[in-house]
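Chemist: Here is how the chains run, residue by residue.
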Amino acid sequence: MKGTIIKEIIVATGTVGFIVILTISFGVLPALGNFLNPFGIWTVPNNAEYHDMTIKDACLNGTVTVYFDEYGVPHIFATTDHDLFFALGYLHASNRFFEMDIFRRVPAGRMAELLGESWINTDKYFRILGFHRAAQEVVEYMRENQTDMYNLLQAYADGVNKYISTLSPVKIPLEYKLLGTMPEPWSPFDTIVFKYLQSWDLSGNLADLDFTLLQEKLPPAVFKELYPNYTLGMEPFQEPIIQEYTTLQEENVLVSTIKAIKALEETRIHILGDLRADLGSNNWAVNGSKSVSGNPLLAGDPHLGFQQPSLWYEVHMVSDEGYNCTGVTFPAAPVILIGHNDHIAWSLTNVGGDSHVDFYEEMLNGTHYYFNGSWHPLKTYEEVIQVKGGPSVTFTVRETIHGPLITDHDLVVNLTKKGFPACNISLKWTGTNVDLNGNFSNEMVALYKMNKATNFAEFNEGLRYFGAMQNVVYADDSGTIAMTVTGPFPIRKQGVTGVANGRLKGNVIQNGTGVGEEWAGFIPFNELPREINPSRCWVSSANQPSINGSYPYYIGENTFDRGYRARRINSLLQSKAKFTIDDFKTFQLDIYDFSASQFLPILLDVWNYSVNVQGKTYDPLVADAMNELFKWNQSDQRYLFNKSWIAPTIYDQWIRTFEQDTWDEFSAWGASGLRLPPVGILENLTKFQPDSRWFDDNSTAGTIEGRNYTMLKSFNETVAYLQANYGSIENWVWGNHHQIYVEHLMGMEALSSPRIPIDGRSGTLNNQWETGGPSMRLVIDLGDASTSDRSYLIYPGGENSNPVSSHYWDLFYLYVANQYHNVYRSTIPIVEATWTFVKG
Amino acid sequence: MMGIGEFFKEEQSFLKGLLITILAAGLLQFLGMVWTYAWILMVGAGFLGGFLIKKAGKGFLVGFLGVIIAWLIYFLIYWIIGPIWEFADVLAGLFGLTGMGFVVVLLSLILGGLLGGLGGLNGHYIASIIFETD
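Protein chains in written order, with my numbering: chain A, 802 to 1641; chain B, 539 to 672.
I should point out that these hints are in silico values taken from the structure, not numbers from a laboratory.
In this text, a Cβ means the ideal position worked out from N, Cα and C, and glycines have one as well.
There may be inaccurate statements among the hints.
One-sided excerpt, in silico: chain A residues whose CB lies under 10 Å from chain B [said to hold, decoys possible]:
| no. | residue |
| --- | --- |
| 1 | 808 |
| 2 | 846 |
| 3 | 849 |
| 4 | 856 |
Turn these sequences into a full structure, and let the hints guide you.
Modeler: In structure tokens:
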């Protein structure tokens, strides 16, 4: 008996121990008991597809019906905008809640709370930027002054929270089952704080730091030559700034500080894609005189980093209060960012300027900063970061009149502790410095108005609230086409007592004591660069310089796109008298590399001269590689980045090598890795100045080399590189090395896409790099937009974030096959499921 | 007619214990619809089966197999209503076992079996103590 009791005690203890072990998470492994039981992870596939259902909620005004079409795209029909937003909130949450959670946590500095200590540095970065503080102000302002819009955001939040309230253990999304946690409720604050992240990630924030470093490293004459003023006729106003700047005698202090900030910026997450890649976009429109149908045609494809679930959630929103809009939303925001309704269509590209953020070197004295002749107390905020599985982290954010001190981040502080001097740099960003009551103040208000606009005047009325710097293409069914460069572009003055001067740039770090460039307002909305119904009958943008030197305000220089996509679009739009919507699809998928069309003929000529005139001989592999380029140049695939060809791989590697070899002086100046001069300068030198000193090989003494030498040297290096990395020449096929890959937000390969060879290149209209590119494509004929055969859309992903849903990858596979799906409007041929929201 | 006390005192067939465990496991696990930790109750299901079994090894086995069979029934239902095997492959991929979804299913079943088995063992010993059958 005694023995039995002892055995039972041992078994009971073992049983309890086993249960305890199964309730504990070990590193990335979730608690196995919760995870592996039949009602744990295994219920996820049961929620993969849409089924008819009814959702009751007391806050609804009437009935909302949602039809899911064959692509899982919801078509929402409501009586009021309130109910429409409620239903969209529910749909966003039920399809993409984890993504929404990331979108609100990143800008609010709350990721460590969800994913642990590895996120503390990123959280600190965003806490310093203070988007959560700014969002809170906006929410309070809206509650008091923009009640209607606030109520719509609240309706959206109610819809999200309705979904969360239905989450029994069997309905929890996969990601939360993996993390062993539950979703938290949503609020209008979460939507607003996300809009800051979206704007910030598109801002191109580091340009001023780059130019400050370049000015530090490069001889003044070189800087002036290689980073020229786009805005011709500028006054020599920069000189005082540079003089101001040279008072910063301790060069190492500034350089080490800037490098620390750059490192910080590069290590934190970029929701819209890696800033080092070619973020950009295309959009264009033609009026009825240039279309076969006689209606305006519009195309838009924003180029961003790919992710799964996609950044985009496609939706068709209809209410009896004038909403009937189709397009893509960001999960987290209840408005369509790019799309069309029955009358108008629009799309966006990023303005490639560098006017969004200014940096100031501040003079501090303990708790005060010096500004305009006196000391002022620093504003301080105590921030507490909750950390999953660890102690919370408390730190202080300090602000001057310009903004938060980004150098208070650990990354810079730790440099100082290691003996590196650092200076105090604050940053001022347009996004958190607009008047809440004025223009550029709120994208939600802007897009709500734009979604419901029926003509250009109404659209423009919404656009004035748009706070991100974008080139907005517009077309409508009355025949109007337009392009507006919009956003809050600061006008600056020299010193606090200076006079507003639209030409001041703020493109290097400013003296923060009040004698540097200070902001004196924004370019008035009505004076922003825009063209409406131009005589050429088309408009286009591809992140190139916004406007020429006749424009009286500074927008940016040397940070715009290289311009090859713009040149290609414009040449295509002039290639025919009239276009069809299929032409526009073809243009979006265009893989013609305009840079190759400019550089490759010169390279081939140089080779011919070298071999046939100078009688030089080359390694057989080098000759074979060049032969591939000749074959490419003579074929109907000339300059096309076709995934089946070898030549694109060679050209791609060569042009990058040629650029680096030409600017080899940069490493001698300690400026390697910094922003190289605009490629237009290299093209100009290559075409017209073959003896330019920039082609000299810096590693050879006593001889001065020219263009031909450098082009062929780069070619030899290219072949050596390709051989070393890819082996024999038959392995150099473009598609072997250029493959689309859409990674899941949690970085898990099993939830990410396969790697698939894909046409195009960074720089072709089909601007594909491996982890990003055209994140969505829309083409539309502005005829009768209420019918279903007028607009087409595609993005590389799917509507549903459940990995075994048929709508997890369905749009991705259409995308890689260069297809679009029909955007249904008045009729939905196949209704996969119907959801009904009723009051109750 | 045999009283309940006598029923538990008597050696019952393995099959009876197994059926009781399957039934209990199936019903108790259903609480997982609303309670995340319902899986712990698998120990209880095994306990009921093991309580009837007079040999320790068989007590463990009745709990182990009973819970596995109950969970297997759930998996079969899931197989009918959703793409569970595709999902198993995705899960396996998360842990570096690409294409080996069956391993994750097997792990789940073994985990349930161990919970039931330990419950069965406990049931056997507790019954032994109560009825002093050892």
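Chemist: Now look at each hint and say whether the structure bears it out.
Modeler: Evaluated hints:
{"no.": "1", "hint": "808", "verdict": "holds (6 Å)"}
{"no.": "2", "hint": "846", "verdict": "holds (4 Å)"}
{"no.": "3", "hint": "849", "verdict": "holds (6 Å)"}
{"no.": "4", "hint": "856", "verdict": "violated (19 Å)"}
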